[in-house]
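Enquirer: Spelled out from the first residue to the last, the chains are:
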Amino acid sequence: AQKITQTQPGMFVQEKEAVTLDCTYDTSDQSYGLFWYKQPSSGEMIFLIYQGSYDEQNATEGRYSLNFQKARKSANLVISASQLGDSAMYFCAMRELNTGGFKTIFGAGTRLFVKA
Amino acid sequence: KAGVTQTPRYLIKTRGQQVTLSCSPISGHRSVSWYQQTPGQGLQFLFEYFSETQRNKGNFPGRFSGRQFSNSRSEMNVSTLELGDSALYLCASSLGLAGDPNTGELFFGEGSRLTVL
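From first to last, the protein sequence lines stand for chains P and Y.
For the first sequence, the tail end lands on 116 under my numbering, and the numbers increase by one without skipping.
For the second sequence, the tail end lands on 1117 under my numbering, and the numbers increase by one without skipping.
Just to be clear, a hint being listed does not mean it is correct.
[Stated by the list, open to error] Taking lysine-lysine pairs in the DSBU-like style, the calculated list, with each CA pair at most 35 Å apart, reads:
#1 K70/P / K103/P
#2 K115/P / K70/P
#3 K73/P / K16/P
#4 K1057/Y / K16/P
#5 K115/P / K3/P
#6 K103/P / K3/P
#7 K1013/Y / K16/P
#8 K1013/Y / K73/P
#9 K70/P / K3/P
#10 K70/P / K1013/Y
#11 K70/P / K16/P
#12 K103/P / K1013/Y
#13 K3/P / K1057/Y
[Claimed, not checked] Sample of chain P residues lacking proximity to chain Y, with all beta carbon distances greater than 12 Å (derived):
#14 D55
#15 E96
#16 F113
Note that these hints are calculated values from the structure, not bench results.
The beta carbon of each residue, even a glycine, is placed where N, CA and C say it ideally should be.
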């Protein structure tokens, strides 16, 4: 069965430093997509980055990169040069292609606090 | 390009009542998913529709139902409301094409915040 685990309920990082948010997943499917979303206090969900299970290169989008370790089933989000505006909830998500039946499931989230 | 629109944004109901929430997806998106977000349970998948067909359903009681219209707009209905149904209900649209997980990127609306008294 699909499962996403985010073990860090909260994280603190100093402004301008890098931070890694952990995500592990469980799936029996060979084809799946991994996503990270950001939810600021205003509530909207913002897509950050995507990694396909067959992608050999780690995905990057500006200051965001996804450290994809397929054998370990981990998809950690790395935010470089943290900014105050990065303070938010971050959700890791997975969409299975075959056995998931077109649903995306989310982890419990990590709340990131960026300190000035 | 207009984003995902959810109405109403806020509503207050009492136990036993029913509620209907509406979602208009991004133009061209045929997949609409619904999620319930609560502080204790996080984001829980309700159901997903694609071209008027429900493709998948989460583990929610039958009081939660949905549908999708030919223009891809979707509604979800909760009947016989309970206090525990108080939550932020998020709708998300995507291309959602079979065979390509990359088209699963979800574009979320701002949500409908339901309070049940």
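Enquirer: Hint by hint, say whether it matches the structure.
Expert: Structure-based check of all given hints:
About 20 Å separates the Cα atoms of K70/P and K103/P, which keeps this hinted pair within 35 Å; it holds. Taking the CA atoms of K115/P and K70/P, the gap is about 32 Å. The hint holds against a cut of 35 Å. Restraint check for K73/P and K16/P: the C-alpha separation of about 29 Å stays at or below 35 Å, so the hint holds. Of the supplied pair hints, the one linking K1057/Y and K16/P is violated, its CA atoms being roughly 42 Å apart against a limit of 35 Å.
Note on K115/P and K3/P: the hinted pairing holds, with a Cα-Cα distance of about 31 Å set against a maximum of 35 Å. Restraint check for K103/P and K3/P: satisfied, since their Cα atoms lie roughly 12 Å apart, inside the 35 Å limit. Between K1013/Y and K16/P the alpha-carbon distance is near 45 Å, which puts this suggested pair outside the 35 Å criterion. About 42 Å separates the Cα atoms of K1013/Y and K73/P, which puts this hinted pair outside 35 Å; it is violated.
For the hint pairing K70/P with K3/P, the CA-to-CA distance comes to about 15 Å; that is within 35 Å, so the pair holds. For the proposed pair K70/P and K1013/Y, the alpha carbon gap of about 46 Å is over 35 Å, so the pair is violated. With a CA separation close to 29 Å, the supplied pair K70/P and K16/P stays within the 35 Å bound. Only pairs whose Cα atoms come within 35 Å are accepted, and K103/P paired with K1013/Y is accepted, the gap being roughly 29 Å.
For the suggested pair K3/P and K1057/Y, the alpha carbons sit about 16 Å apart, so the restraint of at most 35 Å is met. Not every C-beta of chain Y lies more than 12 Å from that of D55/P, the closest at about 9 Å, which undercuts listing it as non-interface. The Cβ of E96/P sits about 8 Å from the closest Cβ of chain Y, inside the 12 Å cut-off, so the non-interface label is violated. For F113/P, the shortest C-beta to C-beta distance to chain Y comes to about 17 Å, beyond the 12 Å cut-off, and the non-interface label holds.
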